[in-house]
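Note that the protein sequences, when read in sequence, are chains C and W. Quick note on the numbering used here: the first sequence kicks off at 1259 and runs consecutively. Quick note on the numbering used here: the second sequence kicks off at 17 and runs consecutively.
A few of these clues could be false.
To be verified - In silico lysine-lysine, DSBU-like type, Cα no more than 35 angstroms apart, as pairs: (1) K1319(C) - K1335(C); (2) K64(W) - K1392(C); (3) K140(W) - K1260(C).
Bear in mind the hints are in silico, worked out from the structure with no lab data behind them.
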Amino acid sequence: MKYLKFVLIGIAFGIVMFKSEAASWFRIYEMFQFQSFHMYGIIGSALFLGVLGTYLIKKYKLKSIDGEPIKFTPKDKSFSRYMFGGILFGLGWALAGSCPGPIYTLVGAGYLPILVTLAGALIGTFIYGLLRHKLPH
Amino acid sequence: MDWIYEPWPWYVAGPFIAAIMFLLLFGGKNFGMSSNLRTMCSIGGAGKKADFFAFDWKAQRWNLMVVVGAVIGGFIAANFLSKDPAVDINPETVSTLEGLGFQSAGKAYLPDELFATGAFTDPKALAILLIGGLLIGFGARYAGGCTSGHAISGLSNLQLPSLIAVIGFFIGGLVMIHFLFPLIF
């Protein structure tokens, strides 16, 4: 039962990804053409509230439901891995028109060819694991 | 309640996504979807091939439950919460896409050319979906996160690395759509 709340959070996430059209290939293309505010509005408003809430959690040292302090792990300082990895991710995001969250949502929505993208993403993750020590980070 | 069947506007979706991030934080977890791909590789035995996958994946079970939920959520949204899934994109975008051969632009949720069942027997569509996936999986792990981990969680915590990653996401996306799409389609 302790996992049920995560399934419910996932269901809410899946519904909002589909209904907001953030899981639509067309919306991603339109975003990179700068021909609609829609995706920028979604990311921007999520971020505005995200920054505000994260600030409040830190300021008031809020705790999780388990009573533990909420921890934010700082990302390792680097440039190359974020820039090179980011560019590769962006190329894939625009080509397949979905990022890792919406991939699962589209499986549920019945667009089965997205399973090919999911398989590719798993293979890509595996290749990264094999090559990790040879890449600049 | 008719609004629920219409596409949800950005000012509903954005705060909704922020709420999901905070629910996970108050649950003692972090919002990040691409790390599940690493977990799935580990479950599949990839730890024998690369130390990157030799970790206690069981600690990540909660995130796999989010994935299960995301699949169920997609099913519910597509089957019970949508009347007409066509995405009403900008008419200029529609005509650009029609010029590239996407006749379903403005009429469907996803391009039929890539996501209708016929895509399984179209080598070009398969290659596009597979290569897109490879780049997503490799790039997300190399960058240490995807849209949820960097663009939402990381930037909310004002992390410079996440800003670099998000700039990278956009460079990659813009290069793909403006320079590579005319060559591919």
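Which of the listed hints are not met by the structure? As far as the earlier hints go, only 3 is violated by this structure.
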